[in-house]
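Asker: Quick mapping for you: the protein sequence lines, in order, are chains D and Z. Those letters in the first sequence? Residues -15 to 305, per my numbering, in order. Those letters in the second sequence? Residues 1013 to 1208, per my numbering, in order.
The set of hints was computed from the structure by calculation and includes no laboratory data. Cβ atoms here follow ideal geometry from the backbone N, Cα and C, with glycine treated the same way. Be aware that one or more of the hints could be misleading.
One side of the interface only, derived from the structure: several residues of chain D facing chain Z at Cβ under 7 Å [stated by the list, open to error]:
1) Q84
2) A95
3) S97
Some chain Z residues flagged as far from chain D (calculated, every beta-carbon gap over 10 Å) [unchecked claim]:
4) V1030
5) G1032
6) R1036
7) G1078
8) E1095
9) Q1096
10) G1123
11) F1157
12) M1167
13) L1180
14) F1193
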Amino acid sequence: MAMDFWEAQRRARLRTAFYLALFVVLTLLAAVCAELVLRYVAGDNYEPPLPLLGFGFLAVTFAVAAYNYLMYKQHGGGYVAESMGAYPISADTRDFHEKQLYNIVHEMAIATSLPMPEVYLIPSEEINAFAAGLNPKNAAIAITEGAMERLNRDEIQGVIAHEFGHIKNADMVISLRLAAMVMGFFFALYIGLRIMQLSQFRSRDSNGRGNGGHIMILAALIIIVAGALTWFFGTILKATVSRQREYLADASAVQFTRNPDGIANALRKIAKDQYHDMPKTGAAYSHLYLEDRSSIFATHPPIEKRIAAIEGHQYEEKPND
Amino acid sequence: MWSWIIIAAIIVILVLFVVGIYNRLVTLRNQVKNAWSQIDVQLQRRYDLIPNLVETVKGYMNFEKGTLESVIKARNQASAAREQLAQSGGPTEGSLKNLIGAETALRSSLGNIMALVENYPQLRASEPMQRLQEELSSTENRVAFARQAYNDQVMGYNTYQQEFPAVLLASMFGHHPVDMFEVDTPEAKKNVKVAF
Chain D
-15 MAMDFWEAQR RARLRTAFYL ALFVVLTLLA AVCAELVLRY VAGDNYEPPL
35 PLLGFGFLAV TFAVAAYNYL MYKQHGGGYV AESMGAYPIS ADTRDFHEKQ
85 LYNIVHEMAI ATSLPMPEVY LIPSEEINAF AAGLNPKNAA IAITEGAMER
135 LNRDEIQGVI AHEFGHIKNA DMVISLRLAA MVMGFFFALY IGLRIMQLSQ
185 FRSRDSNGRG NGGHIMILAA LIIIVAGALT WFFGTILKAT VSRQREYLAD
235 ASAVQFTRNP DGIANALRKI AKDQYHDMPK TGAAYSHLYL EDRSSIFATH
285 PPIEKRIAAI EGHQYEEKPN D
Chain Z
1013 MWSWIIIAAI IVILVLFVVG IYNRLVTLRN QVKNAWSQID VQLQRRYDLI
1063 PNLVETVKGY MNFEKGTLES VIKARNQASA AREQLAQSGG PTEGSLKNLI
1113 GAETALRSSL GNIMALVENY PQLRASEPMQ RLQEELSSTE NRVAFARQAY
1163 NDQVMGYNTY QQEFPAVLLA SMFGHHPVDM FEVDTPEAKK NVKVAF
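Can you make the complete structure from the sequences, with help from the hints?
Answerer: Right, here's the structure in full:
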């Protein structure tokens, strides 16, 4: 039985909304906890070195997230592709593979009624691909040379349709937003460590300052713990949301091509792939790729599960997947 | 006094309501037109490719002159049907039927040529032929995907016209259900098989 791609898309969208809400709640909770603990420990002598520390933490997190988000927004998808060493393909290329790739991308642009994105080839033997860019007008799609050599036309079309699914469903916006938030948590952790260093230095320097130094250390500890916890759970949540978006992109690929075999067979070849030589410019981009090793931090579901979903087999879903 | 205000308010709301339906109908009709122009571009692209195909295979296929002539004829007929449709300002019931018929004939004679190409391994392996096959199969896909997108838009437009409340006003504003672009014979549903 073929996959019911409309139903699969609806399910993946619902789950995403749930996990995104959880993400915001988690952030708020961390901030409130930091504030409450500080008040409780300090008791009557509540004289925080930074007033309303918990909310300061919250403000820093969101400010950093917003800053990172704006930085991403300034550069189109082509910038991301080029920073990974990919080279652009033009419409009038004489190379057979390049022309075929351009044609396939154009076909999918017609099927999805989206503008033609920039097309890039990645010099890598591995079978992989990604889409980048925050809106369809400045999006880019990149695929490896290895994928062009070892996949047939239908399979390449399935992969490109999957990437178009990410563009159409605005997954780059969601995952970059999440990546920016996780980075914000990480930044809070870093600030905590700095304050601790600073207060140690100061308490060694001038001994007559009472318990001001202790409060500083306490504040730093709280920021560190809150930052570390939210960073840890934030990373897991980000991966969980990302996995739902992969199912959604697979379902979209079937909708655009009306050919479940293309993407399913491409995934089979990826599962057997020997090469792993993609340029990794930081884990921040891991969500962009077509597949990822599976673990709780993995941004992609296990390939066997994706194939089962595409082909409409019965499979038991675990609640956290 | 109050009753006049209430009556005036009801009239204003009704007018706004009708304006909303009118605008929605226009938007949907423009989306259908835009989707059609996508098909039109791809059909033209295919008609431009066919003379290239004939030139490329001519040297190898002296014995099948009839096949080549029939594909050129089918191509010219389809091209004329497309012209006629474009001149009448978009697909009407008759012109669309005409085009679908011509397209079906063109597809089947293209299929014949591609089947014959299989018998000439040297031709099949030649670089110009490979390029041409890629262009042809990409064009086939584009026509198919553009048709899929067109039919989706048509369905949206027709459904909106047939639903309440637009059903009360659609024909008054000059909106009528549009025919989908369907390929009517089972053999035409298969793409021209382009092997690599």
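Asker: Taking the hints in turn, state whether each one holds.
Answerer: Going through the hints against the structure:
For the restraint placing Q84 (chain D) at the interface with chain Z, the shortest Cβ-Cβ distance is roughly 5 Å, inside the 7 Å limit, so the hint holds. Here the hint on A95 (chain D) is kept, as its CB sits about 4 Å from the closest CB of chain Z, short of 7 Å. The criterion of a C-beta within 7 Å of any C-beta in chain Z is met by S97 (chain D), whose closest approach is roughly 5 Å, and the hint holds. Interface exclusion of V1030 (chain Z) from chain D stands, the closest Cβ pair being 29 Å apart, more than 10 Å.
For G1032 (chain Z), the requirement that its beta carbon stay farther than 10 Å from each beta carbon of chain D is met, with the minimum near 24 Å. For R1036 (chain Z), the requirement that its beta carbon stay farther than 10 Å from each beta carbon of chain D is met, with the minimum near 18 Å. Every CB of chain D lies more than 10 Å from the CB of G1078 (chain Z), the least distance being 31 Å, so the non-interface label holds. The non-interface label for E1095 (chain Z) is consistent with chain D: the shortest C-beta to C-beta separation is roughly 22 Å, beyond 10 Å.
With 10 Å as the threshold on Cβ separation, the claim that Q1096 (chain Z) sits away from chain D holds: the shortest Cβ distance comes to roughly 24 Å. At roughly 18 Å, the least C-beta separation between G1123 (chain Z) and chain D is larger than 10 Å, which holds for a residue marked as non-interface. Listed as outside the interface, F1157 (chain Z) is inconsistent with that label: its C-beta sits roughly 4 Å from the nearest C-beta of chain D, within the 10 Å cut-off. Against the 10 Å criterion, M1167 (chain Z) stays outside the reach of chain D, whose nearest CB is about 14 Å from its own CB.
With a minimum CB-CB distance of about 30 Å to chain D, L1180 (chain Z) clears the 10 Å threshold, and the non-interface call stands. F1193 (chain Z), annotated as away from the interface, keeps every beta carbon of chain D farther than 10 Å; the closest lies near 14 Å.
In terms of the numbered hints stated before, the structure departs from hint 11 and from no other.
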